[in-house]
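J.: Protein chains in written order, with my numbering: chain B, 3 to 220; chain D, 3 to 220; chain U, 202 to 433; chain W, 202 to 433.
Treat the hints with care, since some could be wrong.
Said to hold, decoys possible - Derived list of chain D stretches under chain W, where covered just means 3 residues or more per stretch with a C-beta under 8 Å from a C-beta of chain W:
no., region
1, 43 to 50
2, 90 to 102
3, 116 to 125
4, 130 to 139
To be clear, the hints were calculated from the coordinates, so they are not data collected in a lab.
All C-beta atoms in this analysis are idealised placements derived from N, C-alpha and C, irrespective of residue type, glycine included.
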Amino acid sequence: MLDKNGIAKRIAKEVKDGMYVNLGIGIPTLVANFIPKGFNVELQSENGILGMGPFPYEGEEDPDLINAGKQTVTLLPGASIFDSAMSFGMIRAQKVDLTILGAMEVSEKGDIANWKIPGRMVKGMGGAMDLVAAAKHIIVAMQHVNKAGESKLLPECTLPLTGVRCVRKIVTELAVLDITPHGFKLLERAPGVTVEEIKKATAGKLVIEGEIPEMVID
Amino acid sequence: MLDKNGIAKRIAKEVKDGMYVNLGIGIPTLVANFIPKGFNVELQSENGILGMGPFPYEGEEDPDLINAGKQTVTLLPGASIFDSAMSFGMIRAQKVDLTILGAMEVSEKGDIANWKIPGRMVKGMGGAMDLVAAAKHIIVAMQHVNKAGESKLLPECTLPLTGVRCVRKIVTELAVLDITPHGFKLLERAPGVTVEEIKKATAGKLVIEGEIPEMVID
Amino acid sequence: MNKVVANAGEAIKGIRDNMTLMVGGFGLCGIPENCIAALVKSGVKGITCISNNAGVDDFGLGLLLQTRQIRKMISSYVGENAEFERQMLSGELEVELIPQGTLATRCLASGYGMPAIFTPAGVGTEIANGKEVRNFNGKDYLMEYAFEADFAMVKAWKGDPAGNLIYRDTARNFNPLMAMAGKITVAEVEELVKPGELDPNQVHTPGIFVHRIFRGEKYEKRIEQRTVRKHS
Amino acid sequence: MNKVVANAGEAIKGIRDNMTLMVGGFGLCGIPENCIAALVKSGVKGITCISNNAGVDDFGLGLLLQTRQIRKMISSYVGENAEFERQMLSGELEVELIPQGTLATRCLASGYGMPAIFTPAGVGTEIANGKEVRNFNGKDYLMEYAFEADFAMVKAWKGDPAGNLIYRDTARNFNPLMAMAGKITVAEVEELVKPGELDPNQVHTPGIFVHRIFRGEKYEKRIEQRTVRKHS
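Could you build the full structure based on these sequences and the hints that come with them?
T.: Okay, here's the thing in structure tokens:
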């Protein structure tokens with residue numbers, strides 16, 4: 003079973019040299035820590051940054067320089083700044099190669115729900131609907147089951163949708179799965195996790211073909 | 003009867019303090035010379051300038067700084083540069099207060115033809131179709147009759163249109179006219195020109211109410 | 202052109218009850234602090250406010266929520282503050298949530314004189330309810346309308362009397378877009394420079410979009426999430 | 202990111218016969234001189250060229266017309282050259298004329314992932330033939346589609362290895378728009394600087410839109426209409 007950093011580490015392996023990547027809040031943010039040193043990867047933040055760097059050193063925070071999670075950040079050499087229309091423009095035009103975000107639920111068709119729980123205070127979708135509707139390639143970082151032990155990988159989402167048929171890959175504490183026309187296709191098991199455990203934790207259609215390898219994350 | 007500079011001078015009287023103005027090629031360009039000194043008027047050039055200044059002094063021409071007529075120009079203090087999408091954006095959004103351009107024909111409904119003569123080499127509409135379709139206020143600077151002595155103020159345009167029902171005011175060598183729901187309304191006569199001469203030179207419906215004053219241009 | 206006004210109070214003159222106002226900024230970054238303070242002082246009520254976020258309890262648009270001057274918020278992400286939540290749940294405050302890119306592009310559309318745009322954001326979700334869906338090249342898009350506000354209030358780093366604006370880092374965000382979408386656009390700047398001091402090539406918002414400009418005072422520029430790393 | 206290629210020849214690799222190419226510039230201002238020269242040398246034929254103008258007889262796109270490499274021009278204003286006129290009248294060259302703002306906005310739409318836009322330009326004229334007309338708030342608009350090119354070739358003043366571009370004065374024109382609309386975008390620059398030397402706030406075209414970049418040589422920058430005034 004993976005912890006948050008483990009999920010982030012595994013997702014980092016999907017990041018290729020030369021990619022432009024947008025990282026959502028939470029686990030996706032951690033992915034930045036595990037991108038191989040030699041790689042030229044530029045992080046996009048939808049409030050208007052390409053070439054986002056790490057957090058500033060203490061005392062060097064600049065209120066005019068934040069990421070989409072409203073955290074103080076820095077710029078790397080070669081960075082650029084633009085307005086929100088151009089930012090979502092480059093997302094919509096699929097210039098951003100990879101979007102990594104969290105989810106409350108994902109359906110076997112690739113629908114995603116991550117913005118609203120009926121009856122609870124709704125904070126809004128922010129840029130999530132734009133990202134999922136437009137991104138070239140979407141990886142979801144999420145917990146396989148909720149705190150009540152119920153699967154979050156479902157035949158159909160029960161929560162209001164953020165986007166339809168858009169997720170391509172999911173990395174959870176238990177497994178790596180692709181969305182295929184036949185449902186969730188199990189690709190890898192987390193260290194120490196059995197196929198049986200993944201089956202039990204997956205409510206949607208699960209495709210298991212042949213031997214499922216344990217993932218290698220270091 | 004006005005010469006080109008006379009037409010430009012008369013049109014300059016329509017320019018108000020604080021206006022953003024786009025000047026077409028030909029007579030409209032001359033209007034800039036007659037805008038009162040104290041006025042704050044900014045000239046827009048649709049290739050991407052606000053705050054366009056006069057031609058450069060000899061030896062100071064810059065190939066990177068031209069107007070929409072491809073002439074070398076200068077920038078005034080407070081100028082700004084932008085791309086062609088923003089330029090036509092501000093035109094389309096009617097941020098430009100006044101557009102002054104030439105025409106081959108204008109109809110009594112305010113249609114304008116100024117880009118194409120069938121059978122002749124067609125050079126294109128450039129920005130004219132965007133300007134006439136979107137401008138807040140359009141003044142046409144033109145000759146009342148063509149070289150063959152035929153009126154260019156017509157019931158209907160005979161040439162392919164640049165825009166429909168968009169012209170508001172016309173200044174010719176003979177007269178100042180407004181486009182009204184009833185046709186060309188004669189407002190002023192050029193010095194020494196009679197109403198009769200204007201009638202003869204106008205093929206479209208001409209509205210003449212009361213005494214028509216001679217224009218004052220200095 | 203000289204669009205300089207003395208202060209925020211002058212700048213917001215003409216804002217009346219029940220108007221629609223755009224307010225630039227992302228979170229607390231790049232918000233027009235002086236205009237917001239002047240609005241609080243003015244006491245105008247029934248505001249429909251278009252802004253990506255709604256501030257925090259005691260800063261930004263939160264100040265106008267405290268005084269109940271806002272009737273409706275149109276935003277992409279809200280509720281970093283308790284008073285907002287209380288008013289929303291009690292029904293005092295109406296809230297319309299819009300995808301962030303849609304919000305940005307609807308402002309751009311207005312500034313560029315385009316009555317509507319197409320975006321895939323929200324297709325197949327409740328956001329699409331009642332909206333026209335149109336397929337281009339096998340992909341569905343929603344048609345979303347341009348929006349305009351009675352007043353847009355933006356914050357820039359530098360400006361000149363002609364209304365030209367330059368923003369600094371991510372304080373740019375929605376500001377240049379909303380600057381284009383106000384029937385009247387008010388800009389507050391940290392530095393008001395003389396005509397000719399801004400490089401024409403570096404201007405982000407050409408002055409034609411701006412109607413009033415003033416130098417703002419005492420910028421607090423509060424940081425919402427101070428995240429730092431240690432020297433290693 | 203390092204997108205630097207050695208020269209124009211490298212930069213246009215992959216351009217084949219019958220491709221659609223966008224070429225930045227307005228008149229002879231801000232045109233990618235080195236890319237055009239390399240295209241002439243390459244001998245590729247049957248080009249559909251999207252560019253606001255078509256150059257003059259012996260410079261700019263005129264060079265590609267002389268060699269009959271262009272099959273079709275999509276422009277707003279053409280014919281400052283005799284060879285163009287001859288080819289057009291003889292039917293060798295196809296010409297599609299588009300309003301200038303429509304041309305610019307169709308490029309923008311592509312870069313912003315919007316499949317179509319609405320513009321009033323051309324309503325009621327022959328340009329509207331076969332196009333969808335739609336009324337918004339009492340005004341008619343044409344729906345015009347985004348366009349994309351196999352390659353876009355642009356010219357900037359300064360650039361860095363990440364592909365960030367800064368343009369100078371009106372040499373900006375269509376360049377940033379076409380830079381966004383190329384499946385592959387090639388940028389030639391007068392100065393290629395090190396990463397970090399460009400102010401991120403001043404970048405006009407973020408590098409994400411640019412695939413290849415090189416320092417151009419021997420810019421002629423010919424002036425089409427030299428207009429001057431006398432010292433008084």
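J.: Run every hint past the structure and note whether it holds.
T.: Results for each hint:
Closer than 8 Å: that is the beta-carbon criterion, and the region 43 to 50 of chain D has 4 residues meeting it against chain W, so the requirement of 3 holds. With 4 residues having a Cβ less than 8 Å from any Cβ of chain W, the region 90 to 102 of chain D passes the three-residue criterion, so the hint holds. Residue count for the region 116 to 125 of chain D with a Cβ under 8 Å from a Cβ of chain W: 3. That meets the three needed, and the coverage hint holds. Evaluation of the coverage hint for the region 130 to 139 of chain D: fulfilled, as 5 residues show C-beta separations to chain W shorter than 8 Å, against a requirement of three.
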